[in-house]
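Chain by chain, the residues:
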Amino acid sequence: MKKFMTVKEAVKCTLPVLAGYLVLGAGFGLIMNANGYGIWWALSMSIFIYAGSMQYAGAGMMAGGASLISVALTTLMVNARHLFYGISMTDKYRGSGIAKPYLMFSLTDETYSIVCQGEKSSSFYLAVSLLDQLYWIAGTAIGSLLGDHLPFSTEGMDFALTALFITVFTDQWLGSKRHFPAVSGVTLSLLCLIIFGKDNFLIPSMLSITAALLISGFAGGEVKRDE
Amino acid sequence: MNDSQAVAAIAVMTVITAALRIFPFLIFRGGRTPAVVTYLGRVLPYSIMGMLVVYCLRDTNIHQPGSYVPYIISCAVVVLSYIWKRNSLLSIVGGTACYMILVQAVF
Numbered sequence: 001m002k003k004f005m006t007v008k009e010a011v012k013c014t015l016p017v018l019a020g021y022l023v024l025g026a027g028f029g030l031i032m033n034a035n036g037y038g039i040w041w042a043l044s045m046s047i048f049i050y051a052g053s054m055q056y057a058g059a060g061m062m063a064g065g066a067s068l069i070s071v072a073l074t075t076l077m078v079n080a081r082h083l084f085y086g087i088s089m090t091d092k093y094r095g096s097g098i099a100k101p102y103l104m105f106s107l108t109d110e111t112y113s114i115v116c117q118g119e120k121s122s123s124f125y126l127a128v129s130l131l132d133q134l135y136w137i138a139g140t141a142i143g144s145l146l147g148d149h150l151p152f153s154t155e156g157m158d159f160a161l162t163a164l165f166i167t168v169f170t171d172q173w174l175g176s177k178r179h180f181p182a183v184s185g186v187t188l189s190l191l192c193l194i195i196f197g198k199d200n201f202l203i204p205s206m207l208s209i210t211a212a213l214l215i216s217g218f219a220g221g222e223v224k225r226d227e
Numbered sequence: 001m002n003d004s005q006a007v008a009a010i011a012v013m014t015v016i017t018a019a020l021r022i023f024p025f026l027i028f029r030g031g032r033t034p035a036v037v038t039y040l041g042r043v044l045p046y047s048i049m050g051m052l053v054v055y056c057l058r059d060t061n062i063h064q065p066g067s068y069v070p071y072i073i074s075c076a077v078v079v080l081s082y083i084w085k086r087n088s089l090l091s092i093v094g095g096t097a098c099y100m101i102l103v104q105a106v107f
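Note that the protein sequences, when read in sequence, are chains A and B. Quick note on my numbering: the first sequence kicks off at 1 and runs consecutively. Quick note on my numbering: the second sequence kicks off at 1 and runs consecutively.
In case anyone wonders, no lab produced these hints; they're calculated from the structure. Ideal placement from N, C-alpha and C gives every residue a C-beta, glycine not left out. Certain hints may be false.
Unchecked claim - Covered stretches of chain B, going by a simulated chain A footprint (3 or more residues, C-beta under 8 angstroms):
#1 15 to 22
#2 47 to 61
What the hints assert, rightly or not - Cut-off 20 angstroms, straight-line C-alpha distance, at most; resulting in silico cross-link-like pairs (EDC-like, lysine to aspartate or glutamate):
#3 A:198 x B:59
#4 A:3 x A:119
#5 A:120 x A:171
#6 B:85 x A:171
#7 A:120 x A:91
#8 A:100 x A:119
Please work from the sequences and hints to get the whole structure.
Listed below in structure tokens is the structure:
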């Protein structure tokens, strides 16, 4: 019964991801299809790589015949933000046992936005992670199989993921007295987006945000030497 | 790319992505997490969600109002409805519906 409740809660929390991943996954399947890579190519990427924006970039690079070096560098640039997620989940995922390798592997933006909220059980984290990847794989399969024959226009439905991030952001804002971390996250990323452009702004954003947080943490005495 | 090059490309993307996700866990897997990491773990989620919101904005073009006006209106719908009802699903469905109508029928 407890397990059932955990899964039920996980389904409820991941509904926005379901909407977003079905659409974005289908979009990925479509692009792969258009580039001459069939369903098995698309599915293996969604199973093994499992990183939305990188898979889109990868589809383009595979079609364009990019070198392995540039594939590697692009992956580093696009996915470096995942380093952040690990740092803030080390304590929460401690003691998650045999589920831990999968929990680490499957920490996407969207999964992170759900598991970073509050303290939950390992089985909840696992259910969220598995469901999210399932949605992504299902979307990929639908896109690969349907091609351009979708019965209605899904244009704009991927906004569900943006909306998910915004509700989490708003919720954290309303539940916190100190807004420095949130404000520095937004302003430094915006600044870096303007300065470095959309393809290169994530790494400078991460570095400047970390620096700002560390300075404020040490200056304000929030980092305790013997915590 | 021929098939074996494509397989190699997928392998490279898989290994690097997984490494980036697992790396922090490997460094801090000892008995006690350093105080700095505990502190970052506490404050980073706030900054990261801010960064992700900006990340979603990256494809908008300041010279094309059609690329950001629907976005700004829908974001406002999400934030205001969330402050009002505190129901994330409601805000996400409402904001997404608003965005879809705007990009499909208005802009």
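A quick look at each hint next to the structure:
1. 15 to 22: With 6 residues close enough to chain A, the hint holds.
2. 47 to 61: holds (count 13)
3. A:198 x B:59: Distance ~7 angstroms between residue 198 (chain A) and residue 59 (chain B) Cα, so the pair holds.
4. A:3 x A:119: Distance of about 17 angstroms is within 20 angstroms: holds.
5. A:120 x A:171: holds (17 angstroms)
6. B:85 x A:171: holds (11 angstroms)
7. A:120 x A:91: Since the Cα atoms of residue 120 (chain A) and residue 91 (chain A) sit roughly 12 angstroms apart, the hinted pair holds (cutoff 20 angstroms).
8. A:100 x A:119: Roughly 16 angstroms between the alpha carbons, so the hint for residue 100 (chain A) and residue 119 (chain A) holds.
Hint check: no violations occur; every hint is consistent with the structure.
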